[in-house]
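Below, each chain spelled out in residue letters.
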Amino acid sequence: MSKITLKNLRHSYLSHPQRDEDWALKEMSVEWSDGGAYALLGPSGCGKTTLLNIISGLVTPTQGEVWFGDVEVSHLPADKRNIAQVFQFPVVYDTMTVFDNLAFPLRNRDVNETDIDWKVREIAAMLDLSETLMKRASGLTADGKQKISLGRGLVRSDVNAIMFDEPLTVIDPHLKWILRSKLKELHQQIGNTMIYVTHDQTEALTFADQVVVMQEGEVVQIGSPVELFERPQHTFVGHFIGSPGMNVLACELDQGQPVYGGATVETTGKVAVEDPTARLEIGIRPEFISFADDGIAVSVEKVSDAGRVNIVETRHGDDVIKLLVPDGGNVPSENAFLKFDPDHTQVYANDWMVS
Amino acid sequence: MDNKTTHQKAWFFVLPVVVLVAFNAIIPLMTVVNYSVQETFGDNVFFWEGVKWFEDVLNSDRFHASLLRQLMFTGIILAIEVPLGVAIALTMPKKGPWVSVCLVFMAMPLLIPWNVVGAMWNIFALPDIGLLGHAINGMGIEYNFTRQPFAAWFTTVLMDVWHWTSLVVLLAYAGLRSIPEDYYQAAKIDGAKPWAVFLHIQLPKLKRVLTIAILLRFMDSFMIYTEPFVLTGGGPGNSTTFLSIDLVKVALGQFDLGPAAAMSLIYFLIVLLVCWVFYTLMMKNEDQ
Chain A
1 MSKITLKNLR
11 HSYLSHPQRD
21 EDWALKEMSV
31 EWSDGGAYAL
41 LGPSGCGKTT
51 LLNIISGLVT
61 PTQGEVWFGD
71 VEVSHLPADK
81 RNIAQVFQFP
91 VVYDTMTVFD
101 NLAFPLRNRD
111 VNETDIDWKV
121 REIAAMLDLS
131 ETLMKRASGL
141 TADGKQKISL
151 GRGLVRSDVN
161 AIMFDEPLTV
171 IDPHLKWILR
181 SKLKELHQQI
191 GNTMIYVTHD
201 QTEALTFADQ
211 VVVMQEGEVV
221 QIGSPVELFE
231 RPQHTFVGHF
241 IGSPGMNVLA
251 CELDQGQPVY
261 GGATVETTGK
271 VAVEDPTARL
281 EIGIRPEFIS
291 FADDGIAVSV
301 EKVSDAGRVN
311 IVETRHGDDV
321 IKLLVPDGGN
331 VPSENAFLKF
341 DPDHTQVYAN
351 DWMVS
Chain B
1 MDNKTTHQKA
11 WFFVLPVVVL
21 VAFNAIIPLM
31 TVVNYSVQET
41 FGDNVFFWEG
51 VKWFEDVLNS
61 DRFHASLLRQ
71 LMFTGIILAI
81 EVPLGVAIAL
91 TMPKKGPWVS
101 VCLVFMAMPL
111 LIPWNVVGAM
121 WNIFALPDIG
131 LLGHAINGMG
141 IEYNFTRQPF
151 AAWFTTVLMD
161 VWHWTSLVVL
171 LAYAGLRSIP
181 EDYYQAAKID
191 GAKPWAVFLH
201 IQLPKLKRVL
211 TIAILLRFMD
221 SFMIYTEPFV
231 LTGGGPGNST
241 TFLSIDLVKV
251 ALGQFDLGPA
261 AAMSLIYFLI
271 VLLVCWVFYT
281 LMMKNEDQ
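As given, the protein sequences belong to chains A and B, one line each in that order.
Each step along the first sequence adds one to the number in our numbering, with nothing skipped, and position 320 is 320.
Each step along the second sequence adds one to the number in our numbering, with nothing skipped, and position 147 is 147.
Bound conformation, chain B alone (with noise of 0.2 Å):
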């Protein structure tokens, strides 16, 4: 040890970046805390209140219900977009010109800012003028997503699944094209059937990027605010209203500053806890 040399200077060079990280993330992640347990009726004037929030808010009905709707609905857009991707991206041509053509047509949803997507799905599926919403009504099944709990659930599904799937595409398509040729020679060979393939060598490569694509999924669709916001505002009555919508609500609809605090502090653990759970799982195989 006496060879180590102690270099007090070096803390200056870190320090950018102590600067950047706390400006970035701690300071403001900090207010929040503050406000969360805190009650305050403006003028800067603030009083003491422990943990009290954060009791309202886990011991309330309203969060609960806005939570499961947001562990319903992240749970349906997963179910539906990872095998969707998957299946896309397996289909997609693997050379030629037609690569780029389809890898355009997939990238372009991901280019339309979130609040034109809600806009354009609301005029979509408008039941008198909406090309979507005219359609299904044509049809002789009743659909207005402004007033049927089902159908704006429907639609708002709907447009996730057209906004987002294509992220999983990508990625998918990505990691199906490393996966060398060998692997299919061999599997040819060998006698293997089409599904037998799939399972046993693309499946498998695909872990990692999947796992990358169902984290994304899992992170964006739980903090979903614009999109349904535009489309249907939360409503009819409750019913879209997710956990980011309602935070809003409490926190600049009430101004219930301290509760909305408590609940995003919440809200964040809850996410880093999935996700955290849920990496640690998928990857404890791979160091075996």
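Next comes chain A alone, as it looks inside the complex (with noise of 0.2 Å):
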């Protein structure tokens, strides 16, 4: 067990990148400490599976290096990495029972049969196998399947983390959530590093302690849930994370102020922005917006039902506004006017944060 330290990783899928498009994954390092439950998260396409297959060791990088502890692992292949991978689609081998499945990396590490029996019931009955160990795997649900994937990382004692590919994918809904809920059992149980890689927020959120979220092969924020939704450092998080996402707004700057519809939105602190061009905007979640008596005008056009709240859209010139109103809460019916929460009122340069 160690921690996972990339430094300045870089990869391209071309053999001579030139743009800045031509890079899968941009320029990072970060560091992943041992035991942690991570999420990346990201719309497809953004380089996390390519970032998750780096650090397994199936894609060596271009540029840059990966540590597990205080051992460079960069140009090791993945069998000598100590990582368990599970894929997006189940990887069962077919003419093998469930327990020759569960045993084959053990027998690929020439373990003795002895102990290979005894870790294999006990990952299996870890895991709700115990009853299917003699069938043959290929006759298993998708779910089963995904078990068996995970099973053959957790019955090798020298994993160092655990990657998951978007694991959940082929299973069906109401199934989803109990594997969810296994991972999670299961990480407390054992303690391993666990990366799990997903697009969808609400897998990412429940399961990991940090979040990473990445956007066109770049890491834009590292953080907890909260964090996240509280604090989103880029434009990108605010509109990624929550539903619905963060109010975008374009603003000015008046002596360290953000201005919107021509007044002054209070927010906690100066802010400061060195670039004069740069564009700027706030960001403010739809949670931390309520109507009042004055502020920014605004006419309601649309509200929706979604269960313990309403969301409502409202426009002020050509931007749309949207808010949360508790079930019950009063909504104006034509014009109306905003309040902003100072606390959660955000400013953004460039799409970075700023304030």
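If you're looking for bench data, these hints aren't it; they were derived computationally from the structure.
Built from N, CA and C at the ideal position, the CB exists for glycine as well.
Hints may be right or wrong, so weigh each one.
Claimed, not checked - To give an idea of the interface, some chain B residues facing chain A are shown, with a C-beta separation under 10 Å as derived from the structure: (1) PRO180; (2) TYR183; (3) GLN185; (4) ALA186; (5) ALA187; (6) LYS188; (7) ILE189; (8) ASP190; (9) ALA192; (10) LYS193; (11) LEU199; (12) ILE201; (13) LEU203; (14) PRO204; (15) LYS205.
To be verified - To spell it out: a stretch of chain A is covered by chain B in this simulated footprint if at least three of its residues, at any positions, have a beta carbon under 8 Å from a beta carbon of chain B; those stretches are: (16) 70-81; (17) 88-96; (18) 105-112.
Two independent chains are provided; combine them into the complex using the hints.
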């Protein structure tokens, strides 16, 4: 067990990357502590699978280093890195029984059969696979197969970290949360580092202690689910996390205070922007906007019922501003005023938070 | 059942297919059946013979000998072409410009007309002027496929391997390409050696295409006619007289239409039976 350090990592699938877009993974340095539960969150094609495969050794990075503890593993093959990986589509060895599937990584490493038997049964019990141990693996359902994939990682005592590459994609919705809580439970039981790739924010936020949000090959923020929610460092994080996403509104700056719609918007602290040409925006989550007697004048356009809250869409000039009103709360019929919570109003310059 | 309406008109729509199948399969087959139970001396005069021709064929040493030769030939070429085809498919590049080059090279033997293949190999293997024949003789091994049964067999098998291994390669290659990359990556992480990857991932995933490949190669090789006919003409002696060649000798050489028809039907039933048994066995485990 050891922490995972990525130093100045960069990767391109092209042999001679020239432009910025040629890099599947832009330069990054990240440190993952031992035993943490991490999620890599981002839209499809943002480079999260590439990053995962670099850590597991299936892809060799164009530039930079990967360290497990104090050992550099950048050029070690996957089977020498002591990691396990669960893939999007369940991988089982069709011709083998569930038992043989779980024993396969141990047999390849010449572990003796008594130890194998003991270990496989222990892991099978953990994964609720004991009853199907002697059945052919190909006959199992998708979630059973995915458990086998996971189990092949868990049987090895030398595993540093377990990687999950969108493991719940092919699982029926009603089984998803069962498997997800199983994962969480296993993490607490075993204490391995787990890195979970997904584009589903619910999966990421419920699984991980720390979420790494990626966009276009770049890490835009690493933080706890609460940090991502309350202090998005990048407008993308604000959009991507939360439902509906953060309101991002073009603004101006007057003596360190953002000005929107002709009125000064209160924030905590002053804002300093060095680049005078920077594109300025304020970001505020719908959760932190409320109707008030005065403030930003809007017209109410649409109210959608989302269960315990109503999502209210309002318009100020060309901007659509969404806010949440608790079920039963008062929604003005046409013209109204909005108040932004100063504690949760951020200012962004060229998409990065500056307040 | 009250809701079910009966449309007699439907028969009308099925008719074209019935006519088509009748003309291309049933009627020609029935003429053969017709010949197989009668004796004729021409002039459209027939005498009823019952199952006599069938008994004759099944009891004839000549039929047994060609059937045995046929089984041996098919067995040998399957034993060579299937493993060889899989091995070649495994060594072919997975991506890049060489993929198309390899595929074109592989497909080339399949595009050559069968009698041309026979003629090519005939010339190629001639002991005096043929490149292959001359080279073998040059190495001090006496080789003449028109005189030595073993040399004739060797040349026929080599020709078939050259002509048809490509088919197995193409099928196996397609099968290999359809295995998701995840399997290889998982195997790498599980520490599987190349042999284990082949045994536990590639071979099981190739099962379906190999079943098809074996069936196709079985049927084709069991009915082989043109290539050995051009190459050896069934000789020397009867040593490369396979079932089809023998059948043509009986039907056209001796004009024994009755026995030839009976032999055709037995031949057809053997192919059908073997294919059915093989396919059923291979697919038995799929449904579990």
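- prompt: Was the hint right that B/ALA186 lines chain A, CB cutoff 10 Å?
  reply: holds, 4 Å
- prompt: Can we keep the B/ASP190 interface hint, with Cβ of chain A closer than 10 Å?
  reply: Interface hint status for B/ASP190: holds (4 Å vs cutoff 10 Å).
task: Go through the hint on B/GLN185 and say holds or violated, using the shortest Cβ distance to chain A against 10 Å.
output: OK, holds: B/GLN185 within 10 Å of chain A, min 5 Å.
- request: Against chain A, run the beta carbon of B/PRO204 and see if the smallest gap drops under 10 Å.
  value: holds, 5 Å
message: Does the closest beta carbon of chain A sit nearer than 10 Å to the beta carbon of B/ALA192?
response: holds, 5 Å
query: Is the interface hint for B/LEU199 satisfied, with its Cβ closer than 10 Å to some Cβ of chain A?
result: holds, 8 Å
- prompt: Taking the least C-beta to C-beta distance, is B/ILE189 closer than 10 Å to chain A?
  reply: holds, 5 Å
- prompt: Taking the least C-beta to C-beta distance, is B/ILE201 closer than 10 Å to chain A?
  reply: holds, 7 Å
task: Would you settle whether the hint for B/LYS205 is holds or violated, based on the nearest Cβ-Cβ distance to chain A being less than 10 Å?
output: holds, 8 Å
- prompt: With a Cβ-Cβ cutoff of 8 Å, does the region 70-81 of chain A contain at least three residues near chain B?
  reply: Since 3 is at least three, the answer is holds.
field: B/LEU203 as an interface hint toward chain A, with CB separation required under 10 Å
entry: OK, holds: B/LEU203 within 10 Å of chain A, min 8 Å.
field: chain A contact restraint on B/LYS193 - CB to CB distance below 10 Å
entry: holds, 7 Å
When each numbered hint is compared with the structure, no violation occurs for any of them.
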